[in-house]
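**Student:** The chain contents come next:
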Amino acid sequence: MLLFIEQCLNGLQFGLLLFLLAAGLTLVFGIMDLVNLAHGSLYMLGAYFAATFAAWTDSFVLGALLALAATLVVGMALEVVALRRLYGRDHLDHVLGTFGLILFFNELVRLVWGPAGMSLSLPMWLIPPVEILPGLFYPTYRIAIILTALLVALFLYVLVMRTRLGMLVRAGASNREMTGALGVNISLLYTLVFGLGAALAGLAGLMQAPILTVQIGMGENILILAFVVIIIGGIGSIRGAFIAAILVGLIDTIGRAFLPDLLRLVLSSRGASTVAPAMSSMMIYLLMAIVLVLRPEGLFPVSSK
Amino acid sequence: MKRISIAASAVLALAAGPAMAQGKSVKIGFVSTFSGPTAVIGNDMRNSFELALDHIGRKMGGLPVEVIYEDDQQKPEVGKQKTEKLIQSDKVDFVIGYIWSNVLLASLKPVVDSQTFLISANAGPSQIAGELCSPYFFSTSWQNDQTPQAIGEYMNQKDVKTAYLLGPNYAAGKDMLAGVASTYKGKVIGEDLTKWPDQLDFSAELSKVKAAKPDALFVFYPGAAGVQFLNQYVQAGLKGQVPLYTAFTIDSLSLPRQGEFALGIPGAQAWVNDLPNEANKKFVADFKAKHKTYPSFYGAQSYDAANFANSAVVAVNGDLSKKDAMRAEMRKANYASVRGPYKYGNNQFPIQNFYLQDVVKDAEGNFTLKTVTTIVKDSQDQFHEKCPMKW
Amino acid sequence: MTAALTPRNVVIAVLMLLLAAVPVYAAVTANTFLVTLFTRVIILGMAATSLNLILGYGGMVSFGHAVYLGIGGYAVGILAQEGASSGFVQWPVAILVSALFALLVGALSLRTRGVYFIMITLAFAQLVYYFGVGLDRYGADDGLTIGRRSQFAGLLNLSDRTQFYYLCLALLVVTIYLIARLVNSRFGMVIQGARSNDRRMRAIGFPTFRYRLTAFVIAGAICGLAGALLANHTGFISPATMHWTRSGDLIVMVVLGGMASSFGPLIGAVALLSLEEALPVLIRVSASPMFGDAAVRMAEYWQIVLGPLFLLVVLFARGGIDGLLAGVRRG
Numbered sequence: 001m002l003l004f005i006e007q008c009l010n011g012l013q014f015g016l017l018l019f020l021l022a023a024g025l026t027l028v029f030g031i032m033d034l035v036n037l038a039h040g041s042l043y044m045l046g047a048y049f050a051a052t053f054a055a056w057t058d059s060f061v062l063g064a065l066l067a068l069a070a071t072l073v074v075g076m077a078l079e080v081v082a083l084r085r086l087y088g089r090d091h092l093d094h095v096l097g098t099f100g101l102i103l104f105f106n107e108l109v110r111l112v113w114g115p116a117g118m119s120l121s122l123p124m125w126l127i128p129p130v131e132i133l134p135g136l137f138y139p140t141y142r143i144a145i146i147l148t149a150l151l152v153a154l155f156l157y158v159l160v161m162r163t164r165l166g167m168l169v170r171a172g173a174s175n176r177e178m179t180g181a182l183g184v185n186i187s188l189l190y191t192l193v194f195g196l197g198a199a200l201a202g203l204a205g206l207m208q209a210p211i212l213t214v215q216i217g218m219g220e221n222i223l224i225l226a227f228v229v230i231i232i233g234g235i236g237s238i239r240g241a242f243i244a245a246i247l248v249g250l251i252d253t254i255g256r257a258f259l260p261d262l263l264r265l266v267l268s269s270r271g272a273s274t275v276a277p278a279m280s281s282m283m284i285y286l287l288m289a290i291v292l293v294l295r296p297e298g299l300f301p302v303s304s305k
Numbered sequence: 001m002k003r004i005s006i007a008a009s010a011v012l013a014l015a016a017g018p019a020m021a022q023g024k025s026v027k028i029g030f031v032s033t034f035s036g037p038t039a040v041i042g043n044d045m046r047n048s049f050e051l052a053l054d055h056i057g058r059k060m061g062g063l064p065v066e067v068i069y070e071d072d073q074q075k076p077e078v079g080k081q082k083t084e085k086l087i088q089s090d091k092v093d094f095v096i097g098y099i100w101s102n103v104l105l106a107s108l109k110p111v112v113d114s115q116t117f118l119i120s121a122n123a124g125p126s127q128i129a130g131e132l133c134s135p136y137f138f139s140t141s142w143q144n145d146q147t148p149q150a151i152g153e154y155m156n157q158k159d160v161k162t163a164y165l166l167g168p169n170y171a172a173g174k175d176m177l178a179g180v181a182s183t184y185k186g187k188v189i190g191e192d193l194t195k196w197p198d199q200l201d202f203s204a205e206l207s208k209v210k211a212a213k214p215d216a217l218f219v220f221y222p223g224a225a226g227v228q229f230l231n232q233y234v235q236a237g238l239k240g241q242v243p244l245y246t247a248f249t250i251d252s253l254s255l256p257r258q259g260e261f262a263l264g265i266p267g268a269q270a271w272v273n274d275l276p277n278e279a280n281k282k283f284v285a286d287f288k289a290k291h292k293t294y295p296s297f298y299g300a301q302s303y304d305a306a307n308f309a310n311s312a313v314v315a316v317n318g319d320l321s322k323k324d325a326m327r328a329e330m331r332k333a334n335y336a337s338v339r340g341p342y343k344y345g346n347n348q349f350p351i352q353n354f355y356l357q358d359v360v361k362d363a364e365g366n367f368t369l370k371t372v373t374t375i376v377k378d379s380q381d382q383f384h385e386k387c388p389m390k391w
Numbered sequence: 001m002t003a004a005l006t007p008r009n010v011v012i013a014v015l016m017l018l019l020a021a022v023p024v025y026a027a028v029t030a031n032t033f034l035v036t037l038f039t040r041v042i043i044l045g046m047a048a049t050s051l052n053l054i055l056g057y058g059g060m061v062s063f064g065h066a067v068y069l070g071i072g073g074y075a076v077g078i079l080a081q082e083g084a085s086s087g088f089v090q091w092p093v094a095i096l097v098s099a100l101f102a103l104l105v106g107a108l109s110l111r112t113r114g115v116y117f118i119m120i121t122l123a124f125a126q127l128v129y130y131f132g133v134g135l136d137r138y139g140a141d142d143g144l145t146i147g148r149r150s151q152f153a154g155l156l157n158l159s160d161r162t163q164f165y166y167l168c169l170a171l172l173v174v175t176i177y178l179i180a181r182l183v184n185s186r187f188g189m190v191i192q193g194a195r196s197n198d199r200r201m202r203a204i205g206f207p208t209f210r211y212r213l214t215a216f217v218i219a220g221a222i223c224g225l226a227g228a229l230l231a232n233h234t235g236f237i238s239p240a241t242m243h244w245t246r247s248g249d250l251i252v253m254v255v256l257g258g259m260a261s262s263f264g265p266l267i268g269a270v271a272l273l274s275l276e277e278a279l280p281v282l283i284r285v286s287a288s289p290m291f292g293d294a295a296v297r298m299a300e301y302w303q304i305v306l307g308p309l310f311l312l313v314v315l316f317a318r319g320g321i322d323g324l325l326a327g328v329r330r331g
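Chains as they are written, first to last, in this note's numbering: chain A, 1 to 305; chain B, 1 to 391; chain C, 1 to 331.
In case anyone wonders, no lab produced these hints; they're calculated from the structure. Be aware that one or more of the hints could be misleading.
[Stated by the list, open to error] For each label pair, taking beta carbons as the anchor points, the in silico distance ranges come out as:
id : chain 1 : residue 1 : chain 2 : residue 2 : range
1  : A       : A69       : B       : P64       : 51 to 61 angstroms
2  : A       : L154      : B       : N156      : 49 to 59 angstroms
3  : C       : A294      : A       : V293      : 46 to 56 angstroms
4  : B       : A363      : C       : F291      : 48 to 58 angstroms
The structure displayed is predicted, hence computed values, not measured ones. Heads up, the beta-carbon is just placed ideally off N, CA and C, and yes, glycines get one too.
So that you can see chain A by itself, here it is in the shape it has in the complex:
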């Protein structure tokens, strides 16, 4: 039972990490109608910036804050220089153009930071596990990720639903010309939204850096998962992304945790260990396919346009 709770926490934590990445993606997608494959590159940059700044300042928290600011700036610059020219084009152009940006950023990072990757170590107070239930020790840092992501979710909800900026964003998303005619600087608004999305990607990247790695191409595999999340959730829906992310995180983790044992009941031990990881990878895509077959616009379709 304790093991089951622990595995659920693992799934929740992975799902919330996916949410951080997916939130930025779905914002940009829902509001500017831009498919940004280079979102994973911003995630990578966030991790590299954090590792660099943390080494300079000798502080994890300070490094993380600086890295957030840096990804925000890079994101806004990217929007102004290249991506704003892609608004209104078809999705295929977005895919090709931002695919090119992935290649560019990967090589740029290799040029600047070298091919070896980096590491971002945690401060001592985040390393030892804590006892959250009698007999259940859980890594402190993973709890920190869960709390941070929940705060970000709350922040986004308030920002989009309760502030003037959020109102403008929602207005701009449903009718760009009209909102512009009312005297709102849509161009600046979009740059800000893109920057926010970039910072969220950077946050996801730097949060995962101490658990996973900081290396070239780290954003590409997780990007596909983030796309799965926003598709299941319904494009543009923060709420949908939140629920879908937790769903995907739980299914992936629970699958990896318990499928091998279930399969061992019917297959040989070695066979079960080979098939289980392939099957648990398939489950996420199966989920997406089923959701789309039943609800072609995701679980929480946003009716704009």
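Since the structure of chain A is provided, determine the placement of chains B and C on it from the hints.
**Tutor:** Same frame as chain A, now just chains B and C:
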């Protein structure tokens, strides 16, 4: 003079006309990964190979050496295509390199069919040690199973009663787990193969390990995955609770990023940077002077591959058409290997010692590897009997 | 197609002549690698041409087209492993299984639109990719070596590089011709009409779903054949052939060469694969007078040039290379 050429374009080849006239030189094609996340391994191999060439004056048997480096991008198809280019277009005398078992398996046929010598400086899949063995294939590394077998022996020596095994779900991963299980005499109470190469998070597996409470955890996670795994192992509070035993998870490329966390974690290896022979001392010292870091085992095997090829060319005085004489010489392993002397088995894989390595800090405070003891002497892989070649 | 002497027709004619001359040139210069390289270009050109039917003409952005390369390849590999090495068995199986899979995917995904369609085709491709990773009996992640090329009972000897090359070239030409005929037929008009306005097409009485599904199946079947060719060419098949980045490569070829153009995808395949080979050399040659030996290392960063090049094509050459040649702008 350094002469390095890289993939010639088809377009330029068309414009430039017939391939360069066959000058009097030894042409070597070197296939490894030079782009993407694992480029760091390819670079280390190239640096070591170049160092070996510098040490022999960039000449073999009196002939100048020309090396053509090709990037396999860690993809079997690309590796195979680059290999075919080396054979068909550049007409090289040796093909050397190969980090990945799957890339090597895909590329083997065109090389040995054209009767060109292939020297694997890392990958050692069981098929090539067994039924696919060839008179044109030599290894300066090991067969995949040998290293985990050594660590399995070591676990017996430490009287480990129960063990949990973890590794990635691809050929080498399965070979590694099977290798440990074949020599380890205790009870394997759990075993998981994880997605490769894109598994991000090992939390589910680590929770299972924690719940199973084994005496030891064995893992095989090469490259960046090793860094990732170790971070999570420590954060889950397992260090100190469940001792870790490793194969190819901690090496001098990953160590700077693993640092403190790797201290005291044992691994097995056919070569360690402090082995006390003259060839090794020169290799490690010159490598450190030039590149400011310790060489890795990938590098050591590449350094050996250069000297190994040299021994064959010297034996025939540069007459590269005498392939049988070259092979006869290579089978003697008659060169100064940085791992010390070793022999070849009938499948042309090394019969060699395996050492226990530990992580320590050197005089300047850098993390490095240290030989603790010899785990097994003259280990030979278990597949050589399946190889029909006899000599 | 009229035979007017436009720059575009000249380029296409020259390209086809060059492709036809590759084995001759290779024989003269004793550089057989050129044949190997261009066989791959032609096969991928064929796969891109099949994608163009649904993507360029039909507006269905499939982000999982490489899966048919894999299915066709595994059909050859698995049958060869099980002892059925006749091409008369292998190739029809490759085509049939691909078509059936396309039928299944198409039937389930064509209800969705836009990005949802992109992602659901990706999802199905990933399912097959992971299925391949779990195929322990056939090499799983490490792939399957195919020792013997498909046998055609004395009719053809595929182990002969030149014969195999001309077979691939012939199949490519047939594919381009068939698709050109198809899109200019009533059937093609319906798919193109459905691309611009599906609702209107349905309103005037066309069951567009069936038409689009048929196009989807034809594209899958042709790509399955290309997969069988590719497996014969490399003598090897692994799940990596079906990875989503490979589907991305096919899309890049189509868009780079020119969507909804008969020869565009082939031009795109030639351009992309030549760039991959030529860019490092170009960087090395142009940088070496200034940087000397460092130019060799610089050449490894060729993708830093390739990436922005894609962006520039998207921004300034919307019809791809073919569009530039024809001097027409899409959209």
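**Student:** Of the numbered hints stated previously, which ones are contradicted by the structure, given in increasing order?
**Tutor:** The structure breaks only hint 4.
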